[in-house]
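Just need the whole structure built from these sequences, with the hints factored in.
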Amino acid sequence: MITRFITDVTTRFNPFSARAKSARLFLSFLPPTARSSGMSINAKLLPRASTEPSTLQIKFKDGKEMKLDCESMGIKSIVEEVDRHSRLLQKEADLAAA
Amino acid sequence: MPPRLRCAVPRGLGSAINPSRTTSRSAVLLLPSAPAPAAVSATRQYATAAVASTGSSFRLPADYIPPTKPPTARPSDTRKSQLLRTYTSLLRSTPLILIFQHNNLTAVEWAAVRRELRLALGKISSDGTESAEVASRAELQVIRTRIFDVALKIVEFHDPSKVAPTETSALSGNRIKVVHNHDLSKAAYKAVKAATKGDEPLPESSSYAQISPLLVGPLAIFTLPAVSPAHLATALSILSPSPPAFPAPTRKKSPGYHDPIAQSGFQKLMLVGGRIEDKVFDLEGVKWVGGIDGGLDALRAQLVYMLQSAGLGLTTALEGASKSLWLTMESRRSVLEEEQNGGKEGAKEDAKEGEKTESS
Chain A
-6 MITRFITDVT TRFNPFSARA KSARLFLSFL PPTARSSGMS INAKLLPRAS
44 TEPSTLQIKF KDGKEMKLDC ESMGIKSIVE EVDRHSRLLQ KEADLAAA
Chain B
64 MPPRLRCAVP RGLGSAINPS RTTSRSAVLL LPSAPAPAAV SATRQYATAA
114 VASTGSSFRL PADYIPPTKP PTARPSDTRK SQLLRTYTSL LRSTPLILIF
164 QHNNLTAVEW AAVRRELRLA LGKISSDGTE SAEVASRAEL QVIRTRIFDV
214 ALKIVEFHDP SKVAPTETSA LSGNRIKVVH NHDLSKAAYK AVKAATKGDE
264 PLPESSSYAQ ISPLLVGPLA IFTLPAVSPA HLATALSILS PSPPAFPAPT
314 RKKSPGYHDP IAQSGFQKLM LVGGRIEDKV FDLEGVKWVG GIDGGLDALR
364 AQLVYMLQSA GLGLTTALEG ASKSLWLTME SRRSVLEEEQ NGGKEGAKED
414 AKEGEKTESS
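Line by line, the protein sequences give chains A and B.
FYI, the numbering for the first sequence is -6 to 91, going by our numbering.
FYI, the numbering for the second sequence is 64 to 423, going by our numbering.
Careful, some of the hints might be misleading.
Unchecked claim - Below 25 Å or equal to it, Euclidean Cα-Cα: the simulated BS3-like pairs (lysine-lysine) are:
hint: 1; chain 1: A; residue 1: K14; chain 2: B; residue 2: K260
hint: 2; chain 1: A; residue 1: K14; chain 2: B; residue 2: K256
hint: 3; chain 1: B; residue 1: K256; chain 2: B; residue 2: K143
hint: 4; chain 1: A; residue 1: K37; chain 2: B; residue 2: K132
hint: 5; chain 1: B; residue 1: K342; chain 2: B; residue 2: K260
hint: 6; chain 1: B; residue 1: K350; chain 2: A; residue 2: K14
hint: 7; chain 1: B; residue 1: K225; chain 2: B; residue 2: K256
hint: 8; chain 1: A; residue 1: K84; chain 2: A; residue 2: K52
hint: 9; chain 1: A; residue 1: K37; chain 2: A; residue 2: K69
hint: 10; chain 1: B; residue 1: K342; chain 2: A; residue 2: K14
hint: 11; chain 1: A; residue 1: K52; chain 2: A; residue 2: K37
hint: 12; chain 1: A; residue 1: K14; chain 2: A; residue 2: K52
hint: 13; chain 1: B; residue 1: K350; chain 2: A; residue 2: K37
hint: 14; chain 1: B; residue 1: K240; chain 2: B; residue 2: K143
hint: 15; chain 1: B; residue 1: K225; chain 2: B; residue 2: K132
hint: 16; chain 1: B; residue 1: K260; chain 2: B; residue 2: K132
hint: 17; chain 1: A; residue 1: K84; chain 2: A; residue 2: K54
hint: 18; chain 1: A; residue 1: K57; chain 2: A; residue 2: K69
Said to hold, decoys possible - Label pairs and their calculated CB-CB ranges:
hint: 19; chain 1: B; residue 1: P307; chain 2: A; residue 2: K57; range: 34 to 40 Å
hint: 20; chain 1: B; residue 1: W351; chain 2: A; residue 2: M(-6); range: 35 to 41 Å
hint: 21; chain 1: B; residue 1: Q145; chain 2: A; residue 2: G31; range: 17 to 23 Å
hint: 22; chain 1: B; residue 1: P307; chain 2: A; residue 2: L88; range: 50 to 56 Å
As the list claims (entries may be wrong) - Which stretches of chain B does chain A cover? Using the computed rule of at least three CB atoms under 8 Å from a CB of chain A, they are:
hint: 23; stretch: 167 to 180
hint: 24; stretch: 270 to 277
hint: 25; stretch: 286 to 296
hint: 26; stretch: 324 to 337
Source of the hints: derived by calculation from the structure; they are not laboratory data.
Keep in mind it's a predicted model, so treat the numbers as computed, not measured.
Positions of the beta carbon are idealized from the N, C-alpha and C atoms, including for glycine.
Quick look at the structure:
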């Protein structure tokens, strides 16, 4: 997963729900240096009884915000969505550097 | 060395000096199905031949199982299987487990986290006490999630005491009954398969059904060898501080905690739940257990006080009836005695009064 262009990750989930799997896996995909390189990560754990859907919001360097529905999407499709935009930014960055 | 004689050795001598005879006899003792010892005794050549034949027929019984190698459903000599055994024994013996998700901690961050945890736990207990013992056995370890999942299933669904014994033969050929109920056994495998078979969800009361959604992604567990709210509160204030009840240690008291490496390590640890005395708790539940003042002893003292005071009330209530009866009888007796001793007029009045008090 390309994480260079992500500036902000906000997620809320109830770990006792099976639908929280993709949100939790997304957090585990962020690199060890994510926080030190300026990405802000907010993970809010909901209490066990809550039925609130698990959500994931991602902000990119160009200001684009992405709201992903973790209830229906698996980790693969989330990574695909994020990478689709990241690749665009990567291409722009490469052109600017060249 | 004496020269070799080419002739046959006389019978008596041969049988006396032949050392192979004793060995053949011991083999015969071991194996009741071997040829009779009478055949061995003739000549030297005959004896060696007999020894060779008994050696080839020294076979273990077909269904003999060495006691050190019981049959297993999973290969017993792989790392994974042994890890599974460690996890099952950990789950059976550890009353308090906190489950954390760890998101890409580096080795130095793990070291810093463990160091701070050890320091904080060491501070709350003095040397040589029970609480120091608990603190020294507290451990934060990374687990293999899927294997831990299987271990949880085995611990819940496999009951070793209910496994029926199987009949095999011992080394001596006798039939014996042996129970193979270890965690890698076929019985354990079948019990788990039977419990989790099919599409129907497990009952809500099953603790595995409650904890299984937690077992996703990279996990680490913090284990304490006893349910000690004091230690739990300290661990919570280090690993997942929440200001009013479990504040993080101050910069002055533990500067190492505010070290950037340690801080980035703590940020990546996420408490997702806990398993305390076979019950599953979420974040709030774990905090509740950590917030019990004075630990289990205080709870027990409360219970004892409650039971005692209830008992006291009951005894006074039961005593009351007999006591009032005794009082009335006593007063009546004193009245009667007075009647016998003193003047009739005054005594009658006294008696009337006594009756009044009795009726009231």
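Status of each hint after checking the structure:
no.	hint	verdict
1	A:K14 to B:K260	22 Å, holds
2	A:K14 to B:K256	24 Å, holds
3	B:K256 to B:K143	19 Å, holds
4	A:K37 to B:K132	49 Å, violated
5	B:K342 to B:K260	23 Å, holds
6	B:K350 to A:K14	23 Å, holds
7	B:K225 to B:K256	16 Å, holds
8	A:K84 to A:K52	18 Å, holds
9	A:K37 to A:K69	22 Å, holds
10	B:K342 to A:K14	22 Å, holds
11	A:K52 to A:K37	17 Å, holds
12	A:K14 to A:K52	21 Å, holds
13	B:K350 to A:K37	16 Å, holds
14	B:K240 to B:K143	29 Å, violated
15	B:K225 to B:K132	21 Å, holds
16	B:K260 to B:K132	29 Å, violated
17	A:K84 to A:K54	14 Å, holds
18	A:K57 to A:K69	21 Å, holds
19	B:P307 to A:K57: 34 to 40 Å	38 Å, holds
20	B:W351 to A:M(-6): 35 to 41 Å	37 Å, holds
21	B:Q145 to A:G31: 17 to 23 Å	43 Å, violated
22	B:P307 to A:L88: 50 to 56 Å	52 Å, holds
23	167 to 180	holds (count 4)
24	270 to 277	holds (count 3)
25	286 to 296	violated (count 0)
26	324 to 337	holds (count 7)
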